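Model the placement of chain B on the given structure of chain A, informed by the hints.
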Amino acid sequence: MQIRFKVYWRVWKQVAINALQIAFVNRATNALFLTGKTIRFLVMLVFLFLIKNNIRTFAGYTSDQVVVFFLVFNFIDSTTQALLRGVYSFGEQVRSGEFDFLLIKPLNPLFRILSGQPDIDDIIFLIPATIVSGYLISTLDISLSISNVLLFLLLCINSLLIAIALHILIVSIAIITTQVDGLVWLYRDLTGMGKFPISIYADLLRFALFFIIPVGFMLTVPAQVLMGIKPSIQIAGTLLVGVGSLGVSLIIWKKCLERYTSASS
Amino acid sequence: MKKYLRILSLSWQKGLVYRADIALWRFRQFLNSLMSLTVWNVIFAQGNDLFGYSKDQMITYIFIAAFLQGMILATSLHGLASRVYSGEISFLLLKPITLFSYFSTEEIADKIKNVFFVIIESLVLFFLFKPVLIFPEGGQLILFIIWTMGGVILNFIFSLLFGTLGFWSPETWGPKFLFFIFADFSAGKLFPLDIMPEIIQNMLFLTPFPYLSFMQTQMFLGKLDMTQTLHHSIVLLSWIGILSFINHLLWKKGLRSYQAAGQ
Chain A
1 MQIRFKVYWR VWKQVAINAL QIAFVNRATN ALFLTGKTIR FLVMLVFLFL
51 IKNNIRTFAG YTSDQVVVFF LVFNFIDSTT QALLRGVYSF GEQVRSGEFD
101 FLLIKPLNPL FRILSGQPDI DDIIFLIPAT IVSGYLISTL DISLSISNVL
151 LFLLLCINSL LIAIALHILI VSIAIITTQV DGLVWLYRDL TGMGKFPISI
201 YADLLRFALF FIIPVGFMLT VPAQVLMGIK PSIQIAGTLL VGVGSLGVSL
251 IIWKKCLERY TSASS
Chain B
1001 MKKYLRILSL SWQKGLVYRA DIALWRFRQF LNSLMSLTVW NVIFAQGNDL
1051 FGYSKDQMIT YIFIAAFLQG MILATSLHGL ASRVYSGEIS FLLLKPITLF
1101 SYFSTEEIAD KIKNVFFVII ESLVLFFLFK PVLIFPEGGQ LILFIIWTMG
1151 GVILNFIFSL LFGTLGFWSP ETWGPKFLFF IFADFSAGKL FPLDIMPEII
1201 QNMLFLTPFP YLSFMQTQMF LGKLDMTQTL HHSIVLLSWI GILSFINHLL
1251 WKKGLRSYQA AGQ
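Chains as they are written, first to last, in the working numbering: chain A, 1 to 265; chain B, 1001 to 1263.
There could be a bad hint or two in this list.
Listed next, the stretches of chain B that the computed footprint assigns to chain A, with coverage defined by at least 3 CB atoms under 8 Å from CB atoms of chain A [as the list claims (entries may be wrong)]:
1) 1103-1117
2) 1187-1197
So the derived label-pair ranges between C-beta atoms look like this [what the hints assert, rightly or not]:
3) A:N54 to B:H1248: 42 to 48 Å
4) B:L1237 to A:L154: 57 to 63 Å
5) B:I1142 to A:D100: 58 to 64 Å
6) A:K105 to B:S1169: 31 to 37 Å
7) A:D141 to B:S1169: 44 to 50 Å
If you want the ones that stay clear, here's a sample from chain A, every Cβ over 12 Å from chain B, calculated [said to hold, decoys possible]:
8) R4
9) L110
10) L140
11) S232
12) L239
13) C256
Hints listed in this document are in silico derivations from the structure and should not be mistaken for laboratory results. The model shown is predicted, which means the values in this text are computed figures rather than measured ones. Note that beta-carbon positions come from the ideal geometry of N, C-alpha and C, so glycine has one too.
So that you can see chain A by itself, here it is in the shape it has in the complex:
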């Protein structure tokens, strides 16, 4: 098992180095992407600070807490994008038959699909964004404790499991439909709703964002735990959803893989 872990780590390291080299080849393009992401992050922060300066509470949360919801969203979302960007090109791999080459390799094909293209821009962006977020949180009126921070980190790992599960679902559907773009962007917009606490939305949407597409478990609960607010759903339940969704997505992946016809190659 340890040997296999080493193999996967070596493969990922090589893939990441390749991505880094590609990023250096297309320096101008990547600089523009990085600039765009930074502007988007800063503009959203300006907007939230404007809200903070003009209103005292936001759907039962203080305006400082609303800023933290966004910072947590940004951290989890950027981490997910940095690691799982490979999914975006999977539709093309199925259509061109390139996916067959992943199937015959002595590695789990899901590993290559999900992690085959780490996003260097997001990795670079994450470093200053996390430092800025940490600084901002330290200036806000939020009570942090070590136990809450540790629980938050555990829930971040859980969020990554949920994100992986959702990405596995997307690639599973892509095997059948050969299309991935629409679903990936829908996922992005649904998670984008987690920039704000999920509890602000109408009942039906709130239910859907917790129990159909578990964005609430992924983004709202970790932020609540970090700030020491009673979470919308118990932590144990949230962890169960993380592991459960990954399990269910793997079963769906296997079923879909059985239906893969390799028609394009």
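Frame of chain A, contents of chain B only:
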């Protein structure tokens, strides 16, 4: 005229081929509007006048911004640079119609489709939120329509300008991404540009971005006096003129060096 109608009809049909993609795309737009409306409803629960907007004005802003995003910012020419780079435009160059007329007709078909869906989405949102919307008077409405047409032309020129990148490079996503960020920021559904600090507004007003939706929303909401209307009309026209000129030069230069490699 017949050939234009034929292209319009074909582009319309082509636009509706991938129905699941359209449904997902429109659902995403719907979700974005839903998020904005929810956020501002929550914010305005604390007062009826914030950032220089009343609740009704802000909700109207979101509905109009959604309409303008479908009308102005959505375009069928996203992939133009790759069509140029791959040599696909060779087939269009051989047709008995100018390249720009062909693209314009494609755009019109796309706009009709977008506006159709935006109206349906807006009706659903209207019934969900039951907002009080503000409507402009006759003169303002006519100016709003004219400025919207101006915005459509401006964005069309931008799309063509991005298309010229394909003459020299396959790497077009970087500048386009930055363009989307600025367009989303200055014409976004989440918040209007004029709530931002003045320094950011001043910087953006040195660019054409506010004329891609924001100024149209201000016209609709009746926030501009006669002098401002005249000033911004001149600026909008100037941007269209300047960018058309640059676009003309770049396409001329690009087509001169175009080799249709691989075709």
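Evaluation of the provided hints:
1. For the stretch 1103-1117 of chain B, the assignment as covered by chain A is violated, since 0 residues bring a beta-carbon within under 8 Å of that chain's beta-carbons and 3 are needed.
2. Counting residues of the stretch 1187-1197 of chain B whose CB lies closer than 8 Å to any CB of chain A gives 5, which reaches the minimum of 3, so the coverage claim holds.
3. Roughly 46 Å separates the CB atoms of N54 of chain A and H1248 of chain B, a value that falls within the hinted 42 to 48 Å.
4. With their beta carbons about 58 Å apart, L1237 of chain B and L154 of chain A fall inside the hinted range of 57 to 63 Å.
5. As the Cβ distance of I1142 of chain B to D100 of chain A is approximately 59 Å, the hint placing it in 58 to 64 Å holds.
6. For K105 of chain A and S1169 of chain B, the Cβ-Cβ distance of about 33 Å falls inside the hinted range of 31 to 37 Å, so the restraint holds.
7. Our hint of 44 to 50 Å for D141 of chain A and S1169 of chain B holds, since their Cβ atoms are close to 49 Å apart.
8. At roughly 36 Å from the closest C-beta of chain B, the C-beta of R4 of chain A stays outside 12 Å, upholding its exclusion from the interface.
9. For L110 of chain A, the condition that its CB be more than 12 Å from all CB atoms of chain B holds, with the nearest at approximately 23 Å.
10. Non-interface status of L140 of chain A relative to chain B is upheld: no Cβ of that chain comes within 12 Å, the nearest being about 19 Å off.
11. Non-interface call for S232 of chain A relative to chain B: holds, since the shortest CB-CB distance, roughly 16 Å, exceeds 12 Å.
12. The beta carbon of L239 of chain A is kept farther than 12 Å from every beta carbon of chain B, the shortest such distance being approximately 27 Å.
13. The Cβ of C256 of chain A lies farther than 12 Å from every Cβ of chain B, with a closest approach of about 17 Å, so its non-interface assignment holds.
In summary, the one numbered hint that this structure violates is 1.
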